[in-house]
Amino acid sequence: MKWFDYADEKISDKEIMIAVPSIVIGVGILSMPRELAGATTSSDGWISIVIGGTIFVFITWMVAKLAASFPNQQFLTYASSLVTKPVAVVLTFLLSVQGIILSAYVMRVIAEIAKEYLFDETPVEVIALTFLLVVVYAVSGSRAGLFRLNMMFFPIIVIIAVLVIVFSLGWFNTENLLPVFKTSFSGHLQGLQVSSLSYIGFGIVLFYTALVKQPAGAPRMAAIGMSMAVGLYLLFFIVCLGVFGNLSTANLIYPTIELAKEIEIPGGFFERFDSVFLTIWIMAIFNTTAMGLDVAVFALNSLFNVKKAKILFVLSPLVYFIGMFPKNFNEVVTLGAFVGYYSLIVTVIVTIVLLIISKIKGGKKNGKK
Amino acid sequence: MVKRSLFNRNKEQKVNNNVENFPVELFKNLNRNIDNLKKMLNEPSDLVIHEFTIGNNKCAIAYIDGLTDKDMLHNNILKNLLIFGRKQDLPTSETDLFNEVQKGLLSISSIEEGKSLDELTIKLLSGSSVFYLDGIDNVLIMATKGWDSRSIEEPQSESLIRGSREGFVENLRTNMVLIRRQIRDPNLRFKTYEVGRRSKKSLILTYVDGIIHPDILNEVNRRLATIDMDDAPESGYIEQWIEDNFLSPFPQMENTERPDKVAAAVLQGKVAIILDGTPFVLIAPITLGNMLQSPEDYYERWSIGSLLRLLRYLAAFIAMFAPSLYIALVSYHQGMIPSELAFSIAATREGVPFPAFIEAILMGITMELLREAGARLPRSIGQTVGIVGGIVIGEAAVTAGVVSPVMVIIVALTAIASFTTPSYSIAISFRMIRFGFMVAAAVLGLYGIVLVYIMINIHIVNLKSIGVPYSTPFAPGFLEDWKDLILRAPVPMLTKRPRYMQTKDKRSANKGGRSS
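First to last, the protein sequences are chains H and E.
Note that our numbering has the first sequence beginning at 15, numbered continuously upward.
Note that our numbering has the second sequence beginning at 18, numbered continuously upward.
If you are wondering where the hints come from, they were derived from the structure by calculation, not from laboratory data.
Treat each hint with caution, since some may be false.
[To be verified] In silico DSS-like pairs for lysine-lysine, Cα to Cα no more than 27 Å straight-line:
id, chain 1, residue 1, chain 2, residue 2
1, E, 132, H, 28
2, E, 75, H, 28
3, E, 56, E, 104
4, E, 523, H, 24
5, H, 227, E, 513
6, H, 28, E, 45
7, E, 513, H, 28
8, H, 24, E, 500
9, E, 87, H, 24
10, E, 55, E, 217
11, E, 521, E, 208
12, E, 513, H, 24
13, E, 218, E, 87
14, H, 227, H, 341
15, E, 55, E, 75
16, E, 56, E, 75
17, H, 227, E, 75
18, E, 45, E, 55
19, H, 227, E, 500
20, E, 208, E, 104
21, E, 120, E, 132
22, H, 227, E, 217
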């Protein structure tokens, strides 16, 4: 049935702009300052964020550009037209695996963090299961609904992030940021490497651009969305460094949450702001997980002609088992690194290969004319 | 519509018991017609049959006592007919006589011919009078409706400090007039439906042509056409029949007693559904933002209106979250409460034998009991119940050590906050959801609360009201509509109709002045 212009399953490019930071911002930001501070000297990590961020904004733009050059075509369709159907099937499969392991990892991390900061006794398995069930409920609804969820949660997430940053300024000590430019080249490279793991997830643009009604604006919007994530990372990193200093930041497991723990809300409503921050941050993490799972369902749906609900029915236990597989925190970190590198490599390679081939084929077409 | 057909409510099954026993058509013989009518209605005491003659022709007028305006019947119909009957040069044939009566005698605005017993009975039962002439197998049906009804009063369920004091009444025509008096646009449309197989009530769909999006109108029309029930005593029946999702805790239509609210909604490109016999008019489609708005937001200056809306959003937050936050903080996250407050809460909870959840549920249920008791009792006793319940039970429960004083504060605050919601139906939703949050808080603390919050949001973004997403203009976002959402911009700035309604006529003010 034909509804209004906006009440159908299509989305606008504005929704892509929100969806990109929604999936990118998640658990990465909570631990990223630690890894980056460990890799670099003093506060020089910001250089890695800026350089890495610029690269990823550009890559996001390219990904969206690639997808937008085939308006209203699903990934499988346009990938098949560029690199034969079998290769496209493999690529789709690889990308859907990315969604599955990403959501599994994020689910596990949020369970660990919630156990650490919110409960002592509730087992991780229960926390993860309840979280996953809510995610499954979201994914089983309409896809446009998921984008609307992003739109509803993103402002709340930004507000809480800004609150944490603003209130920590009282503890901010500029001396902690000094000296500058002391990191070696290899340190910067290592910083780049660890920080880039926080940018994964933008691969969703490859799939969701097919839903955008007028995809011409999507590349710009996706790039703006990515810049929002980069900006937030940069702010959080600098504030963490300014409050804790390099050494403490490198030794705190979740410096961003500790930052929220430090601050005091005027009026003394809440003693421990970290719980409030974490509670609201669960929405951000929820967005990441839901988008990750949905993109996997979306990708597999284009491969197999079965109902969405059936795919979800198979995938959700799989996600749960992958997420519960690591036995201790170190293994979770290993899983995280694997998810990061896998996603990064798959997304970047798929994009670059498809882009080059589309340029060659497009060039040929122009040549013929 | 698979769901509907499951219950075998197809049109084909329409059976009218009376039709089987009585002839549907009318006869030329007057007495036979009258007998059939009497038999069909089983000679009720309020059926009046007035027989008289015009010249040599026998005639009769039938009406139901109490449903007709007797003054009109006597002065404009009977009087004319009796004077006419004494004239010398009456037409000889019955057909001529009938035509002359129809064309030139009855000083009444609406006369139509009736050709079947079925038709005339329904008209008779809705207040019309029927004129029979011997020798003619037609009747004249004259609109003489008129009965006692409640006069226009201030709306009971939605009172304002500033704003019109008029409220809808049970009479359909009066309600139409009240809307017409607000909007004198020739494009204001009233489309009539008949609902109820046995009740045959009129239902009127109101909208402004040229503003409303045709898809919405078509969809509402389609849904109204499917209504098939014996009786629709209240517009709630209509609402429940045509709403998008009957499992949702959220109302997908707004009901109001205020003509100004209906007029404003219709001018925003919405439809209003008026049912005969109820002062509650339905407005659809609605979104979540509408439910926290009151007409008064517009009548007062914008700063006051905006602050009141902010206050209402805060109240909605308190109404939903306060008890569950208390449970979560007291049972799981004691560390979050500032230490001095934590100590005093702990001290007051010293003798309380229950966990915070049981305590909150106890007080919550007590509060709901009081509300329900107050609503059902006559107003004067209702107040007494409020005092007895609120003060005596609260005080006694604390003194007896059953609940802690902080809990009483929380419950009272929650109750007051939930009363500030302008729409009663959404206030009920908030109350239901509140108990969900309390259970979640008892099981998983803050984590449970946020998960339930996410679930409610998932539900809201998937919910539609007549095809319009319930979460708009938050998402899908229409930044322009935010001028009239949480804050209310000054009136000269509210120049456009809501974009989320996709109206045909976009602007509502500042159209370029009189010169254009």
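Going down the list of hints, with the structure as the test:
1. 132(E) / 28(H): Roughly 62 Å separates the two Cα atoms, so the pair is violated.
2. 75(E) / 28(H): Violated, at about 78 Å.
3. 56(E) / 104(E): violated, 35 Å
4. 523(E) / 24(H): holds, 23 Å
5. 227(H) / 513(E): holds, 24 Å
6. 28(H) / 45(E): At roughly 73 Å apart (the allowed maximum being 27 Å), residue 45(E) and residue 28(H) break the hint.
7. 513(E) / 28(H): holds, 21 Å
8. 24(H) / 500(E): holds, 25 Å
9. 87(E) / 24(H): Not satisfied, since the Cα-Cα distance of roughly 61 Å exceeds 27 Å.
10. 55(E) / 217(E): Holds, at roughly 20 Å.
11. 521(E) / 208(E): It holds: about 20 Å lies between the C-alpha atoms, which stays within 27 Å.
12. 513(E) / 24(H): holds, 25 Å
13. 218(E) / 87(E): OK: residue 218(E) and residue 87(E) at ~23 Å, within 27 Å.
14. 227(H) / 341(H): violated, 45 Å
15. 55(E) / 75(E): holds, 18 Å
16. 56(E) / 75(E): holds, 20 Å
17. 227(H) / 75(E): violated, 74 Å
18. 45(E) / 55(E): holds, 17 Å
19. 227(H) / 500(E): holds, 26 Å
20. 208(E) / 104(E): Cα-Cα ~44 Å, so violated.
21. 120(E) / 132(E): holds, 17 Å
22. 227(H) / 217(E): violated, 46 Å
Checked against the numbered hints above, the structure violates hints 1, 2, 3, 6, 9, 14, 17, 20, 22; every other hint is satisfied.
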